[in-house]
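**Student:** With these hints in hand, go ahead and build the complete structure from the sequences.
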Amino acid sequence: GAVVSQHPSWVICKSGTSVKIECRSLDFQATTMFWYRQFPKQSLMLMATSNEGSKATYEQGVEKDKFLINHASLTLSTLTVTSAHPEDSSFYICSASGTSGSEIGQYFGPGTRLTVL
Amino acid sequence: AQSVTQLDSQVPVFEEAPVELRCNYSSSVSVYLFWYVQYPNQGLQLLLKYLSGSTLVESINGFEAEFNKSQTSFHLRKPSVHISDTAEYFCAVSGEDDKIIFGKGTRLHILP
Numbered sequence: 824g825a826v827v828s829q830h831p832s833w834v835i836c837k838s839g840t841s842v843k844i845e846c847r848s849l850d851f852q853a854t855t856m857f858w859y860r861q862f863p864k865q866s867l868m869l870m871a872t873s874n875e876g877s878k879a880t881y882e883q884g885v886e887k888d889k890f891l892i893n894h895a896s897l898t899l900s901t902l903t904v905t906s907a908h909p910e911d912s913s914f915y916i917c918s919a920s921g922t923s924g925s926e927i928g929q930y931f932g933p934g935t936r937l938t939v940l
Numbered sequence: 005a006q007s008v009t010q011l012d013s014q015v016p017v018f019e020e021a022p023v024e025l026r027c028n029y030s031s032s033v034s035v036y037l038f039w040y041v042q043y044p045n046q047g048l049q050l051l052l053k054y055l056s057g058s059t060l061v062e063s064i065n066g067f068e069a070e071f072n073k074s075q076t077s078f079h080l081r082k083p084s085v086h087i088s089d090t091a092e093y094f095c096a097v098s099g100e101d102d103k104i105i106f107g108k109g110t111r112l113h114i115l116p
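Protein sequence lines, in the order shown, are assigned to chains Y and E. Last residue of the first sequence? That's 940 in the numbering used here, and every number before it is there in order. Last residue of the second sequence? That's 116 in the numbering used here, and every number before it is there in order.
I should point out that these hints are in silico values taken from the structure, not numbers from a laboratory. Since this is a predicted model, take the numbers as computed values, not measurements. Warning: the hint list may mix true and false statements.
To be verified - If you anchor each label on the Cβ, the simulated ranges turn out as follows:
1) E:V33 x Y:K837: 43 to 51 Å
2) E:K73 x Y:D850: 31 to 39 Å
3) E:E20 x Y:H908: 45 to 53 Å
4) Y:P831 x E:P83: 36 to 44 Å
5) Y:A895 x E:P116: 47 to 55 Å
6) E:V33 x Y:K864: 27 to 35 Å
7) Y:L940 x E:N45: 14 to 22 Å
8) E:P116 x Y:L899: 42 to 50 Å
9) E:S58 x Y:K843: 39 to 47 Å
10) E:P22 x Y:C836: 31 to 39 Å
11) E:S13 x Y:P909: 47 to 55 Å
12) Y:N874 x E:E24: 34 to 42 Å
By construction, the Cβ of each residue, glycine as well, lies at the ideal position given by its N, Cα and C atoms.
**Tutor:** If you want it as structure tokens, here you go:
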């Protein structure tokens, strides 16, 4: 089945530093990847959509200079939280859209918990 | 624009009792509908989905949902819940652009 991995699964950093989160589709090629954030006990909010080889499309209210997204290949997208602050602490989840076997779908990664001190 | 409404933020139910988690959506175009489950401290897992065809879809662990176009609903049901069903359940809608819009979630509490 389709597997999407995220690395790291959790990260703690100091305020002002940058953090990179990787999202990989392990057994299929993802033409589109999505990034979400989830605050405690709340729903997932779509942050941006990225297509391989092109600039990401950000949802309204998401700072593109703050959350840098790179989709360098059909199996890898990265989210970099620049100059992180405590309010950026959240659960970040990626999903990858593609065909695994005969099934087309969108498959979610396990998430990355970011804590900014 | 698409949106999803989950009317109940929490649903307590006794073990082995039936449960229904409500979901209504709004969309001006054809939609795909999903239910995702998130167990404590884990990521999202797809529970079931409606893309086309039969309006009743089932999951492998006994859940089912029925797409009702006239009522714009996609309620999730299970005839007999188990303690292991304790989780957060998210209803979601997607259109042609693949963007998935999530509802706010319903926390299912199974009471012994």
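**Student:** Each hint should be assessed against the structure and marked as holding or not.
**Tutor:** Here is what the structure says about each hint:
1. E:V33 x Y:K837: 43 to 51 Å: Given about 45 Å between the Cβ atoms, the range holds.
2. E:K73 x Y:D850: 31 to 39 Å: 35 Å, holds
3. E:E20 x Y:H908: 45 to 53 Å: 47 Å, holds
4. Y:P831 x E:P83: 36 to 44 Å: 40 Å, holds
5. Y:A895 x E:P116: 47 to 55 Å: 50 Å, holds
6. E:V33 x Y:K864: 27 to 35 Å: 31 Å, holds
7. Y:L940 x E:N45: 14 to 22 Å: 21 Å Cβ-Cβ, so the 14 to 22 Å window holds.
8. E:P116 x Y:L899: 42 to 50 Å: Given a distance of about 45 Å, which is inside 42 to 50 Å, the answer is holds.
9. E:S58 x Y:K843: 39 to 47 Å: At roughly 43 Å between Cβ atoms, Y:K843 and E:S58 fall inside 39 to 47 Å, so the hint holds.
10. E:P22 x Y:C836: 31 to 39 Å: For E:P22 and Y:C836 the Cβ distance comes to about 46 Å; the hint is violated.
11. E:S13 x Y:P909: 47 to 55 Å: Once the Cβ atoms are compared, 26 Å apart, the range 47 to 55 Å for Y:P909 and E:S13 is violated.
12. Y:N874 x E:E24: 34 to 42 Å: Given range 34 to 42 Å: holds, Cβ gap about 38 Å.
Hints 10, 11, counting from the list given before, are not met by this structure.
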